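A.B. asks: Can you make the complete structure from the sequences, with help from the hints?
Here is how the chains run, residue by residue.
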Amino acid sequence: MARSRRFGRSRFTLVLLVLASLTVLTLDYRDSGPVQGLRSVVGTVFSPFEGIGNAIASPFKNGWRGIFEYDDLEDENRELQRRIDELEGDVVRDEAREQELAEVERLTNLDFGDGIERVYAQVTKGPLSSFDSTFEINRGSGDGIEEGMVVATDAGLVGQIEDVEGGSARVRVITDPDHGGFGIKLLEARDVGIAHAASEDGMLRVDDGIGRDAAKRGDAVVTSGLDRSAYPPNIPVGEVVSQEPTDDLTEQSLLIEPYADLDGLSYVVVLLCTDDCS
Amino acid sequence: MVAARLALVLLVTMVVQVVVISPLAIAGGRGNLVLLVAIAAALETDAERGAIAGFAAGLFFDMLLDTPMGLSALTGVLVGWVVGTAKDSVLRDAGIIQLGLVAVASAFGTLLYAGLAVLFGVTVDPARLPAIVAVISVVNVLFSKPVRWALRWAYGPETRAGDRGPSVFRS
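Quick mapping for you: the protein sequence lines, in order, are chains A and B.
My numbering numbers the first residue of the first sequence as 1 and each following residue consecutively.
My numbering numbers the first residue of the second sequence as 1 and each following residue consecutively.
Since the hints were made in silico from the structure, they are not lab data.
Given the structure is predicted, the values throughout are model-derived calculations rather than measurements.
Even for Gly, the Cβ is constructed at its ideal location relative to N, Cα and C.
Incorrect hints may have been included.
What follows is a list of derived Cβ distance ranges for each label pair [as the list claims (entries may be wrong)]:
#1 P130(B) / E76(A): 30 to 36 angstroms
#2 L22(A) / M1(B): 27 to 33 angstroms
#3 R9(A) / I97(B): 22 to 28 angstroms
#4 G121(B) / A155(A): 28 to 34 angstroms
#5 R106(A) / G156(B): 53 to 59 angstroms
#6 G148(A) / M1(B): 47 to 53 angstroms
#7 E69(A) / I97(B): 33 to 39 angstroms
C.D. replies: See the structure below:
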C-alpha cells in the first residue's frame, strides 16, 4: 500500500517535471527574453567557478596532452626549434605566448576579404556537448559583430556568427550538421558545388556538381561566393582528401578536410560584413 | 541542508564537465556527467529524487549550452525516473549490475536526447551517434563511483535507497 502511494507520488513528480521541462523548451523555442536573460546571467555567474576549475585542472590537462598528443607536440616543438634557430640568440619566449602571438600576427595578414573591415577575437569557450559544435568568442555587438558574419583564421574559413551579445558571440563551424550548405569552388578546375557537414567527424562533403575528372586528392577548395552563398568568394576552405564517382558516374562526390583546425582554435578574425561581403 | 549539499555537488559536477570532460572530444563524442547525475541520484535514492536531480542538473547544463533550453532537463527527468523505477523493480544491488545499468542508462539517455533534439530542430548526424553513445557510456561508468559517492554524501543517510524518506511533495 505504502509502495503504491510512493509510486503515485513519484509519477506525480515525473509529470510535474516533464511539464516544467516542456514549458522551458517552449519559452526558449519562442525566443522569449527572460530565457535568454537567464542564460546570460547563469553564464556570467558560472564563469568564475569555471576559471577556478581551469586553474586547478591545468597541470593535469598539460600532463594528458603530453601523453596523448605526443606526435602533435613533437611537430610543434620542431617548428618552434626552427624559429629559435632563426632568431639566434634571442631570448626564448614562453611557448604558449609565442604561439598566441604568432597566431594573432598571421590573422592580421589575411590574404582574403580585402577591403572588408575586420575584428580579431579570442576563443573563450569551446563546444560543451556532443551535440553542440559552436564556440564562443570575446567580441560581440559592441565591436560591430552581427549574426551571419564570416569567421576565419589565416588558414581559412571557420564558420558564421550565430548569436551575438554585448561582449561575446557564438560561432557555428562549417562542419556542424546544423550549418547549412555553402558554395565552394575547386581552385584549379573551377567546378562549383555545395559543401555541407560530412558524417566523418570534422570533414565536409560535396555530393554533386563536380565534373567526373575535375578533382583529385590534394586539390584546394575555396568559397565560390555565388548568388545566395553565405560567404564571400575565394576564402580558403580546405583540400580534397578523397573523391568517388556519383551513382550515375557523371560527377564526383568529394570529401574535404578544412584548412582551419576547428578543434584547436585560439584566435579568429570576424569579417564585418553581412550582405555586402563580395 | 540536503538542498545545499546537492547544489554544491551540482556546481562541482558542472565545473568538471565544462573544464575537464567537454574539452576532451574522443571520436567526436564528449562525456556527459549531467546524465550521470540523474542516473546516480536514482541509484542512490529513488525514481522521484532521480528525476528531480536530473531536472536540476539538466536545466543548469542547458543554460550553458546553445541547444534548446530544457532539452537536457527533460532527458534528465526521464532517465532519472526510468533508472529509479527499473532499480526498484528488477535489479539486484550487485556492483557489476549497477555499472551495467549506468552504461545502459547513459546510452538510453543519449539516444533519448538525440531523439528529442531532432524533434526540437537540432540536426543530429546518425552516423556519429554510435561513437557518441559509446564515449558517454564509458565516461559515465568511469565517473560513476565518485559521482555516486558525492551524491550519497549530499543526500545523507536519511534519504538513501533502502531507507527512503518522505516524498518531497508530501504536505
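A.B. asks: A separate judgement is required for each hint: does it hold in the structure or not?
C.D. replies: Hints and how they fare:
1. P130(B) / E76(A): 30 to 36 angstroms: For P130(B) and E76(A) the Cβ distance comes to about 32 angstroms; the hint holds.
2. L22(A) / M1(B): 27 to 33 angstroms: holds (31 angstroms)
3. R9(A) / I97(B): 22 to 28 angstroms: Taking Cβ atoms as reference, R9(A) and I97(B) lie about 26 angstroms apart, which means the hint holds.
4. G121(B) / A155(A): 28 to 34 angstroms: Given range 28 to 34 angstroms: holds, Cβ gap about 31 angstroms.
5. R106(A) / G156(B): 53 to 59 angstroms: Once the Cβ atoms are compared, 55 angstroms apart, the range 53 to 59 angstroms for G156(B) and R106(A) holds.
6. G148(A) / M1(B): 47 to 53 angstroms: holds (49 angstroms)
7. E69(A) / I97(B): 33 to 39 angstroms: holds (36 angstroms)
Consistency with the previously given hints is maintained throughout, with no hint failing.
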